[in-house]
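Undergrad: Residues per chain are reported as follows:
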Amino acid sequence: MLHGLELVVEPGEVFALLGPNGAGKTTTVEILEGYRRRDGGHVRVLGTDPEEADARFRARIGIVLQSSAVYPTLKVDEIVRLFAGYYPSPRDPDEVITLVGLDEKRRARVRTLSGGQLRRLDLALALVGDPELVFMDEPTTGFDPAARRQAWDTIRGMRELGKTILLTTHYMEEAETLADRVGILRGGRIVATGPPRDLLAGHVAVEIRFRRNGEEVVIDTDEPTRVLHELTSEAVAAGVELEAIEVQRRSLEDLYLEVTEGP
Amino acid sequence: MLARELLTQQRLFWRSYEAAFFTFALPILFLLLLGSVYGDEEIDGVRGSTFLLAGLLGYGVVATAFAGLAITLVVRRESGVLKRVRGTPLPTSVYLAAVIASTLVVVALEVIVQLLVGRYVIDADWPASPASLAFALLLGSVAFATLGLAVTAVVRSAEGSSAVINAIYLPLSFASGVFFSVDSLPGFLQAIATVSPLTYLLDLVRGEFIEGRTLADGGTEIAVLVGWGLVGLVVALRWFHWEPREA
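As given, the protein sequences belong to chains L and D, one line each in that order. Note that our numbering has the first sequence beginning at 19, numbered continuously upward. Note that our numbering has the second sequence beginning at 2, numbered continuously upward.
Next up, chain L with everything else stripped away, as it sits in the complex (with noise of 0.2 Å):
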């Protein structure tokens, strides 16, 4: 369910819809992709409404669905010619391949793929057709760290060749290095948009950390010179050790949890 949800995507820019399951993050996407019908609101998507896509719509997106979905008796290259032959100019199918990175998986079967060569799959399924929006619902969940790497090089690739790109995600990290802008969305609304940069800059930027008396201090704080000198000086007045301090630059990941699970 969806309340309200403002939302503009830039051309050649990567945004990053941020959010925990059940958000709204997917229905989000269906509707933009023009898979889902809204119950009200304006959308425009490439300036169509996606309810009316029609096949000149469909060309000009790139789809990258939340698990993904081939025959599993194809084989790489096969499948990924098929979808080629479904768009009016499409990419050249090899050079695909080898720009997600499954040129050794040419000739498999898809049946015959590990989770992470069937997210690739998915991408160069999503690219073959030269779209100019591409949209990726949660394109590496489940990865292991290395693959998760791998797949933002190709999603950088794909920035560069000037594609926009409207991804789910609930990986801080991934919001974080991949997107131009962020939008966390929690319980269907948007509740904060931005730069990742500037997302934090509004918010308390630095987190100290330390042990007194056997008890954890958290200061969570925008002036962090000024606390720290107030507390080391006390300490050192005091002779005592503060002690285990860390200071921390809040990340991105404070501020989701902190807008997505307040009050």
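In short, the hints are calculated from the structure, not lab data. Some clues are possibly wrong.
What follows is a list of derived Cβ distance ranges for each label pair [unchecked claim]: (1) D:Val95 x L:Leu64: 46 to 56 Å; (2) L:Glu122 x D:Gly161: 31 to 41 Å; (3) L:Glu70 x D:Asp45: 50 to 60 Å; (4) L:Val61 x D:Thr221: 51 to 61 Å; (5) L:Thr66 x D:Phe241: 46 to 56 Å; (6) D:Gln11 x L:Arg125: 12 to 22 Å; (7) D:Ser158 x L:Gly58: 51 to 61 Å.
The C-beta atom is built at its ideal place from N, Cα and C for all residues, glycine as well.
Given the coordinates of chain L, work out where chain D should sit on it, guided by the hints.
TA: Same frame as chain L, now just chain D:
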């Protein structure tokens, strides 16, 4: 576009060994087995092997155009393949046309093999009116294909698809007289036979195969098959789903 999609559908069919076995090989296997058991007996006044061959032509149509098609589409729907395909510029009408055309190709090949096996292995006759027979099988295939599209609406999971669809078409095949003469069946099965589209397809096929009747003699049967085909079409247009039904 249609030609390439048809080619892909053929490739998919023959690479899916389970589907290829149950829809293509099984009717031929039945013909060999049952033909060797009672091919030499007399059923409804004709040689058993000829009666069986005609019946199993109809069975092949149902197994392929109805059961095989429906199971394939449910599995593709539940695995998300249909949803993914619908997200491409390929028109859904072209996709479904290719799937159905591919099914017709399989039926045609199967009929040819059945006729050859019937003639040269179990000593059945050649069809008496081949052209009318071909038309009857084509009409039956199209009618059962629309019913196959329609029945996907009541199957909610890929796991259940074989069970549900086999539970429909196997008893139906039995009751409609594929293996035995309908006259020899108990009353309640005969009641099913009077509404089953397969009964009418088999009447048409046997009439043309055995007695040399032509299409002109099969007005009632053709009307019933067209009627069922339209029912299937209306249901399919209204309730066919492209996205997984199981949440």
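Undergrad: Indicate whether the distance between the beta carbons of valine 95 of chain D and leucine 64 of chain L respects the range 46 to 56 Å.
TA: 23 Å, violated
Undergrad: 51 to 61 Å was suggested as the range; check whether the CB atoms of valine 61 of chain L and threonine 221 of chain D agree with it.
TA: 53 Å, holds
Undergrad: Evaluate the given range 12 to 22 Å for the C-beta pair formed by glutamine 11 of chain D and arginine 125 of chain L.
TA: Check passed, 20 Å falls within 12 to 22 Å.
Undergrad: Within 46 to 56 Å: is that where the Cβ-Cβ distance between threonine 66 of chain L and phenylalanine 241 of chain D falls?
TA: 25 Å, violated
Undergrad: Could one say that the CB atoms of serine 158 of chain D and glycine 58 of chain L fall in the range 51 to 61 Å?
TA: The hint (51 to 61 Å, Cβ to Cβ) is violated, given that serine 158 of chain D and glycine 58 of chain L are roughly 33 Å apart.
Undergrad: Do the Cβ positions of glutamate 122 of chain L and glycine 161 of chain D conform to the proposed distance bound of 31 to 41 Å?
TA: 37 Å, holds
Undergrad: At the C-beta level, are glutamate 70 of chain L and aspartate 45 of chain D separated by a distance inside 50 to 60 Å?
TA: For glutamate 70 of chain L and aspartate 45 of chain D the Cβ distance comes to about 57 Å; the hint holds.
The structure does not agree with the numbered hints 1, 5, 7 stated previously, though it agrees with the rest.
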